[in-house]
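In short: position in the sequence shown from 1, add 4, done, that's the working numbering.
No wet-lab data here; the hints were simulated from the structure. Fair warning: there could be bad hints in the mix.
Below, a list of computed lysine-lysine pairs in the DSS-like style, where the Cα atoms sit at most 25 Å apart [as the list claims (entries may be wrong)]:
#1 Lys8 with Lys116
#2 Lys137 with Lys116
#3 Lys55 with Lys175
#4 Lys137 with Lys54
#5 Lys175 with Lys41
#6 Lys55 with Lys195
Quick caveat, the model's predicted, so the values are computed rather than measured.
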Amino acid sequence: MRKKRPDFSNYLAHFTTGRPPVSKEENNPSLKPTKGKTAYQRLISILQSKKIIASNLPWTGRQAVCLTECPWSSLIDHSRQYSAYGIGFNKPLVFAAGGGPVYYVRKDHWDKQNWDNHLRTFVTPFWPTYRSKKQRESVDFGTVDYSQEREWRVPHDLLFEYSHIEFVIVKKYEDMARFPKELKDAIGRDKFIIMEVYTNIERLWPVHNI
């Protein structure tokens, strides 16, 4: 593992959402536990099944489980895009499962490539707001910049055991109190992080820009 730094994390987090699940297999029975569920309920479902189901990706249509390597100082902001509910693993586990960092590829380079299907799982177009006027005129494509997500992907469902879990994030104390006891016992209460606590710390002592 790389030496610890404040701008770098050896861990990856997957955040749940309350949005409808996206899958190529609309009738996939494995999606039933997530349909119509809140982000909190989906976290419970993931932990009970010990599986994160891959979703469809924009631009390529490939399927993957998406995670972020944002350090904690950025996770609070990152969670606003998804939810305050997530699960974390270490990078060796995800890498061994076939995962890796996303390639953010300039859109003018993207158009010149014939991506292998496997590679298409890991690519995302990059066309930032600071592109030049000439570039705007030469490539008919809107602004796309997800580089702040520092994303990793696994090209299939991600299976895990409770011993693989590095941390579980919940929004508030009430979530921890109502969390299924059998899951808290299996995972370990010391691995639960309450987002509300750290949001308040940042509000009172704003060391980071949140």
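Please name the hints from earlier in the document that this structure breaks, with their numbers sorted from lowest to highest.
The structure conflicts with hints 1 and 4, although it agrees with all the remaining ones.
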